[in-house]
Amino acid sequence: MANLEELQDLVVQVRRDILRMVHKVNSGHPGGSLGCTEFFVALYNEVMELKDGFDMDGKDEDLFFLSNGHISPVYYSVLARRGYFSVDELNTFRLINSRLQGHPTTHEGLPGVRIASGSLGQGMSVAIGAAQAKKLNGDNKLIYSLHGDGELQEGQNWEAIMYAAGNKVDNYIATIDLNGQQIDGSTDDVLPLGNVAEKFRVFGWDVVEVGNGNDLEQIIAGLNEAKSRTGKGKPVCIVMTTMMGNGVDFMMHTHAWHGKAPNDEQLATALAQNPETLGDY
Amino acid sequence: MTKYTDQGKKDTRSGYGDGMTELGRTNPNVVALCADLVGSLKIQTFIDENPERFFQVGIAEANMMGIAAGLTIGGKIPFTGTFANFSTGRVYDQIRQSIAYSDKNVKICASHAGITLGEDGATHQILEDIGLMKMLPGMTVINPCDFNQTKAATLAIAELHGPVYLRFGRPKVANFTPVDQKFEIGKALHLTEGTDVTIIATGHLVWESLIAAEALENQGISAEVINIHTIKPLDEEAIIKSVKKTGCVVSAEEHNYLGGLGESVARTLASHHPTPQEFIATQDTFGESGTPEQLMEKYGLNNKAIEAAVLKVMKRK
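Just so you know, the sequences run in chain order A and B. Counting from 1 along the first sequence, just add 634 to a position and that's the residue number in the numbering used here. Counting from 1 along the second sequence, just add 16 to a position and that's the residue number in the numbering used here.
Careful: at least some of the hints might be erroneous.
[Said to hold, decoys possible] Derived SDA-like pairs: lysine to any residue, alpha-carbon spacing no greater than 20 Å straight-line:
#1 A/K868 x B/K150
#2 A/K775 x B/E68
#3 A/K769 x B/P67
#4 A/K693 x B/P44
#5 A/K693 x B/G74
#6 A/K769 x B/K150
#7 A/K769 x B/P44
#8 A/K868 x B/G91
#9 B/K150 x A/K802
#10 A/K685 x B/E304
[Said to hold, decoys possible] Here chain A is said to cover these stretches of chain B; the calculated rule only asks that three of the stretch's residues, wherever they fall, bring their Cβ under 8 Å from a Cβ of chain A:
#11 121-131
#12 169-179
#13 213-227
Simulated from the structure, these hints should not be mistaken for laboratory data. Where a beta carbon is used, it is the ideal one built from N, C-alpha and C, also for glycine.
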């Protein structure tokens, strides 16, 4: 296991990357990105078994699919700091002629990304297909995916949830980011999701609940627990409660920062709360 | 004029099924998906021979398109199967984002296209699918004309890297192309040589065009029939070359005139060689219940309609 302190330093640095990226172009989605920072850092630096370099087929390594593509800032930062591309390239986020599009895509050939996402609700189906390909190839590595909770309002998810259980796709761990917020307000106000964990259970999934997805130790334990439950005939779901905007006090407890960038003053405040650890890009 | 013989009526979807059977035996990376329409897509033999390479997804086409995209990651070549309506309009955004924009090697194979689906009526008779699919960057769009050509196209698209829309139909129609004819994606086929008019046809309308050409020959009109099986990328060179010779064109397809082959032909000619053109296609309308023959007649999609369109377009030269 990597040193927890080092991972925590990486979390803080990724937060700084997210804030600086969206500030520079005055657009992007900091709230959900900050809420999932610990998850991404744990997944890419502690949990997934990854080969060096990148190829699209990703045989004999774990693969990750981001379904809620709008949280691209955290994805790009973690990919860059894991070595998929230069951290300097984070400077090009959302700029013209960049590989770091507003939402992730394979179209510009960014290493680490295997599917376009942004139009919500599609990632689970893709992840299931990749999991089935691994089985056909006799490849015993795992597939991971991340989905927003609001995204579960898209019906395609429920087709996929039913399919994965019915077809025993047990080399697959889907994580739901339960932050209770979406663009127009709380999920309870916009369209209540009910008990997400229970919904997955009755659809035939094995469910691991992580009470605080912003606690590195908890999310690592949750991911490892989920991993231990693979290969047993059921797909595995992690229902991870997080705080949108985590790590920046004025971005927490609100949906206001779902898709809004901080101004200069707000950036300074947010960065002061997250002092540089590994070096800014 | 070259004559063609119907080797016995067969449905184009069975050409797909036979193609899949052959791919199952020859290409271990080919996998098939179906959304509860195995019998209609004629892929039972593929399933019997390769059960581990078949994915029954149930009545969930959006999920099917996503799973297909995912299967390509790891080197599989997925062929999805359902009706044309549910292969395109129902799942347009899934195809757009997860397949086309993501450049995934998925073959979207669509049966029961067009009005010849017949009695089920307009809910199932899509006449907009060619337009929807040809508008997607990077998508290859193929509409073969008979059983033999559909089988050959099924085999050919497995060799092409990239997303493909393969459109075929339900009814038994004339099977007239040579059984061993090589299918070259993007290459027009000259079926008859002519000097007075070019008839550019795709799908079920190709045989109707040949019947029309024969009737026209009896009236002293020499028609050049070109089979465009690949609507995108379009063999523009073949079209321009023929039209430079004949000076007028009739396009013929089982599709809305908006967005179809005719529109692609018109765009090509407008840019390179403006030419009078008549469009055999549905006129921005939905279909309805009826037998395929009744519907083709009512909606002006048979050999008689092609013949009339030729006489009309020749006067516009």
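Hint check results:
1. A/K868 x B/K150: 39 Å, violated
2. A/K775 x B/E68: Measuring from Cα to Cα gives roughly 19 Å; hence the hint holds.
3. A/K769 x B/P67: Within the cut-off at roughly 14 Å; holds.
4. A/K693 x B/P44: 17 Å, holds
5. A/K693 x B/G74: 28 Å, violated
6. A/K769 x B/K150: 33 Å, violated
7. A/K769 x B/P44: It holds: about 14 Å lies between the C-alpha atoms, which stays within 20 Å.
8. A/K868 x B/G91: With Cα atoms ~24 Å apart, A/K868 and B/G91 exceed 20 Å; violated.
9. B/K150 x A/K802: 36 Å, violated
10. A/K685 x B/E304: At roughly 56 Å apart (the allowed maximum being 20 Å), B/E304 and A/K685 break the hint.
11. 121-131: It is violated, with 0 qualifying residues against the three required.
12. 169-179: Violated: only 0 residues of the segment 169-179 of chain B have a Cβ under 8 Å from chain A.
13. 213-227: violated (count 0)
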